[in-house]
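A.B. asks: Spelled out from the first residue to the last, the chains are:
2 protein chains.
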Amino acid sequence: MSASPPSPAPKNHLSEQMKPLSEATQKAVFQVLQYQFYPKGSIVLTPGKIGECLYFVEKGLMRSYYFEEEDEREPREITAWIVAEGGVAMATESFYRQIPSAEYLEVLEDSTVFTLSREDFLELQRRYADFARFVLQFTEQYLLIYDARTQLLRMRSPLNRYLAFDRQYPFLRGRLSQSILASYLNMSYYQISRIRTQIARGTR
Amino acid sequence: MSASPPSPAPKNHLSEQMKPLSEATQKAVFQVLQYQFYPKGSIVLTPGKIGECLYFVEKGLMRSYYFEEEDEREPREITAWIVAEGGVAMATESFYRQIPSAEYLEVLEDSTVFTLSREDFLELQRRYADFARFVLQFTEQYLLIYDARTQLLRMRSPLNRYLAFDRQYPFLRGRLSQSILASYLNMSYYQISRIRTQIARGTR
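Sequence order for the protein chains is A and B.
Counted from 1, the first sequence has number 44 at position 44 by the UniProt record's numbering; the numbering is strictly sequential.
Counted from 1, the second sequence has number 21 at position 21 by the UniProt record's numbering; the numbering is strictly sequential.
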């Protein structure tokens with residue numbers, strides 16, 4: 001979104017993505033979308049609730065996270081997903097299986113999003129064949145994003161995970177706290193601090 | 001597949017999955033599917049080639065793996081996926097993006113599979129609306145499998161990864177070599193040996 005004025009928010013990302021759809025379909029979709037503003041720090045879904053919405057992020061940043069209680073020590077916070085403008089946030093398993101979420105969905109920057117309820121999402125697919133095709137493409141895109149996420153998580157070296165993330169998401173530079181980034185990259189706060197110091201010193 | 005006779009192979013899994021489709025669609029799909037037998041040890045895709053097929057596994061076991069060269073030491077073999085009967089094997093990124101594969105697809109047990117070319121896969125979606133819906137459901141299923149895979153990979157404790165895998169895939173017990181399982185669970189051969197010894201001794 002770079003240098004665009006903050007208000008009125010341009011409805012660009014989703015409109016662009018839906019351009020291949022017929023005018024009738026686009027109109028039907030925008031009729032049921034809710035355009036919403038969430039201030040930084042909002043929690044739009046908590047564990048135990050069922051994820052009933054997709055969040056198409058127009059501007060801002062969201063993440064999903066949960067606490068893993070692997071052992072007797074303090075539960076560890078894990079960031080599962082980070083979604084910026086142009087992406088779609090959801091509690092994947094909860095949304096598709098309609099079971100209680102294990103995750104929080106949190107707004108990390110003041111954000112404007114289009115929300116689409118699951119009910120409307122399914123109804124639009126039934127009524128508009130081109131929307132159903134759009135959903136398939138979108139789901140395939142997500143499969144590839146997941147594929148890249150598993151590749152990153154399989155890297156043994158914390159430094160390599162850090163560098164791979166930086167290559168994949170250059171537009172997130174400087175937008176994440178060190179602790180959130182560490183919890184996304186499956187490393188400790190101490191490890192990420194050390195890596196950043198090494199990079200700053202040019203020793204890596 | 002348990003106690004079923006080895007031959008003629010029952011064409012059960014895919015037929016079951018396609019039952020909701022119209023007879024005409026099912027017929028069109030089975031006309032273009034190739035029913036193939038691959039002996040244990042076959043490599044059906046190598047790095048550098050483009051993944052042109054989906055492999056619907058009727059009986060047997062496949063995996064995808066690659067070598068990660070993270071540092072100056074020996075490249076580490078990583079098992080990305082393990083797919084048994086009822087599942088679909090593919091080189092995800094290569095198949096969807098039509099770029100050279102980074103992975104090997106290997107047959108781990110004598111396997112019978114239906115292969116479907118990407119061309120036929122796309123053509124069937126264009127011609128049969130119910131097949132397009134079937135593909136969307138199948139892709140959503142895969143998203144959930146990927147979601148579970150990322151959850152497993154984010155677990156810090158090797159023991160917990162081992163136990164979570166065992167819970168998710170009880171039907172794979174005893175079918176994977178220790179080194180392949182270790183490479184799937186992102187741990188060393190030494191770590192998995194120790195875990196198995198602990199479990200056998202009942203100290204875990």
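Since the hints were derived computationally from the structure, they do not count as laboratory data.
Don't be surprised by glycine CBs; every beta carbon is placed ideally from N, CA and C.
Accuracy of the hints is not assured; some may be wrong.
[Stated by the list, open to error] Facing chain B, a subset of chain A residues (Cβ under 7 Å, in silico):
no. : residue
1   : GLU77
2   : PHE95
3   : ILE99
4   : LEU144
5   : THR150
6   : ARG154
7   : ARG194
A.B. asks: Looking back at the numbered hints, which does the structure fail to meet, lowest number first?
C.D. replies: Checked against the structure, the hints that fail are numbers 1, 2, 3 and 7, while the rest are satisfied.
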